[in-house]
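Chains A and B are the protein sequences, given in the same order. Quick note, the first sequence lines up with residues 145 to 496 if you use this note's numbering. Quick note, the second sequence lines up with residues 145 to 496 if you use this note's numbering.
The reader is advised that the hints may include incorrect statements.
Identical chains share a label here; the pair holds if one copy fits it or two copies do between them.
Result set (DSBU-like, lysine-lysine): computed pairs, CA atoms no more than 35 angstroms apart in a straight line [unchecked claim]:
(1) K362 with K300
(2) K398 with K255
(3) K216 with K490
(4) K362 with K466
(5) K377 with K487
(6) K421 with K157
(7) K179 with K362
(8) K216 with K398
(9) K313 with K346
(10) K296 with K268
(11) K466 with K255
(12) K268 with K216
(13) K490 with K236
(14) K250 with K398
(15) K466 with K236
(16) K157 with K346
(17) K362 with K377
(18) K487 with K255
(19) K377 with K216
(20) K487 with K157
(21) K346 with K268
(22) K236 with K487
Hints listed in this document are in silico derivations from the structure and should not be mistaken for laboratory results.
The chain contents come next:
There are 2 protein chains.
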Amino acid sequence: MNQRLLNLQQALKANDIDQIIISDYYNILYFTGLKIHSGERLLVLLVNQDGLPTFFVNELFSVEGSCDFQLKYFNDTQDSIEVLAAFINGTKIAVDPNWPSGFLLKLMIAKQASYVDGSMMISKLRAIKDIQEQAYMLQSSINNDEVMRRIKGYIKEGVSERYIANILKQLFMEVSGDESFDAIVAFGENGANPHAEPSDRKLRRGDSIIIDMGCHHKDYCSDMTRTFFFQEKTLDDVYDVVLQANLAAIAIIKPGVLLSDIDFAARMVIERAGYGKYFTHRTGHGIGLEVHEPFDVSSSDHRVVESGMCFSIEPGIYLKDKGGVRIEDLVLVTNDGVQVLNKFSKTDYLID
Amino acid sequence: MNQRLLNLQQALKANDIDQIIISDYYNILYFTGLKIHSGERLLVLLVNQDGLPTFFVNELFSVEGSCDFQLKYFNDTQDSIEVLAAFINGTKIAVDPNWPSGFLLKLMIAKQASYVDGSMMISKLRAIKDIQEQAYMLQSSINNDEVMRRIKGYIKEGVSERYIANILKQLFMEVSGDESFDAIVAFGENGANPHAEPSDRKLRRGDSIIIDMGCHHKDYCSDMTRTFFFQEKTLDDVYDVVLQANLAAIAIIKPGVLLSDIDFAARMVIERAGYGKYFTHRTGHGIGLEVHEPFDVSSSDHRVVESGMCFSIEPGIYLKDKGGVRIEDLVLVTNDGVQVLNKFSKTDYLID
């Protein structure tokens, strides 16, 4: 059995949980290496404290034998929850937080037990990247840096947000394979919305330009934001404040600090400069197989930072009708500090 | 309030349910017209038996006011389940079947009540397409027919499955916007897997060619399969048997029959021809905003067919190492019979 499953069984014992139901696409990928889109059909890896896990799969999906699990096939004419219920034994069963409630509510009727949220157990394992995952995360960000370098060459007077977003898709195909999310490209006043979608808005002198983008490398995500100004720096001192916040947060990262401390470090810089109420989101989020993973770099996440964690640092200031600035890097927590995975300049912000 | 929400409130009363939690992307779209990808953040429309529903939205997502709901914003520093729990009142609460279990398990702790699976209530409403939905479904299939017509011109000796699949993406962009799912293009022996993914396999004389594809029109999905033979019809009488099964199923569709009867009509044709064990899946599935929706045309779904239902009829025979045949149409149940939404020929199967 692979080390990740062994770690999960260890966690089951430590938490006094008899079994855990793993169902999420990315959790299945993490624990088995398999990519199966099962749609509305049940797909569950049931893990006990000891012995081989059981993988419940509709026979429409061909899964090879593995030394990580035994297979239990079912078909469309069977009640898949009844098939699963026959394997549930124990009093305390953890459930994948992304398992659709419809399945859980049926299982609760089919098999009495105490069902509990398994998210913490899974999240704690996935949050600590092993050495292979760390290498993939780094390469993914190297590729992302390269695409940011190339896209700068396309930013000229009169181009639209949509045009730049489309070119980005092509560049990612060339450099890395595909985007990890639809890039945000926001000019001028559109940058005031942290989740802006690319429009036909054309670039003009003095616009702030937010580009928030990422790609996959071996299934691992990158995610970086840079803000540029076209021909002329505007928005007063907003850029400098956000950059200071980004650097202040990164400066304190090391094993043992709290995620909320990191958020505080960024937030204080922005609040002291008088922009506190314009920094409307958390400072960062975990990342790995998914763009957004536990845990959050936010005022309400008091988790202790550990070596191997990977997350974003992305303070921002958003001024309605004027524009916005966000500067985002991915960081990897090392044994005694932090490695910033993005190397793309944060000071070379003017585009002529 | 819109008619769909009024129908849902009617269903709550009829089922003696106090409130229902709507959370799925497509259910939110269906009941509000809004498209919001909330990622891991809570997004819930809470509907009572009477009065305006409450829409719980993270303030990061800008939602306009509406006469269909009142807005309740929260932010990343708040516990979103606590915000929701304060609005839960009643003893019996229905839950969207796709709501992630992590939210449900937390809500069960925050607020005692009897939580039940709300899937049937939602599915029964969404299964019956109103007149506007019917028009969109028809146009979506008209567009799908057109792309099938165009792709036939690209099928030549030596082309690969992947090449055809890539051309399909372009054609859908030209004709309709985008695919409703990644098309299946399977040559020869690859067609023996009902869920084959396009490979570099090249087309040869005598190959069966399965193309299973669909697109969106105004968010509504089409889905059609045709099987061709390259230069020479092979697989003995398999094509004719599958076509007879497709026609036999369609022939009996009208309000009042059971979905399982329709499955039986197709399955009997195939079983009598001696291929019963090679027809390994259900005969069809509901379709609308999603490619796969309740209900199933299967031996285990005994629901009564009603006017306005839309589903696929897609019998198939799969012969390991040889190939496969599947013939799929979308149908719409009318007041006294059935309308087949796909007009693309099922008898013109030879490509030279």
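ask   = What hint numbers does the structure not satisfy?
value = 2, 3, 6, 8, 10, 11, 13, 15, 16, 17, 18, 19, 20, 21 and 22
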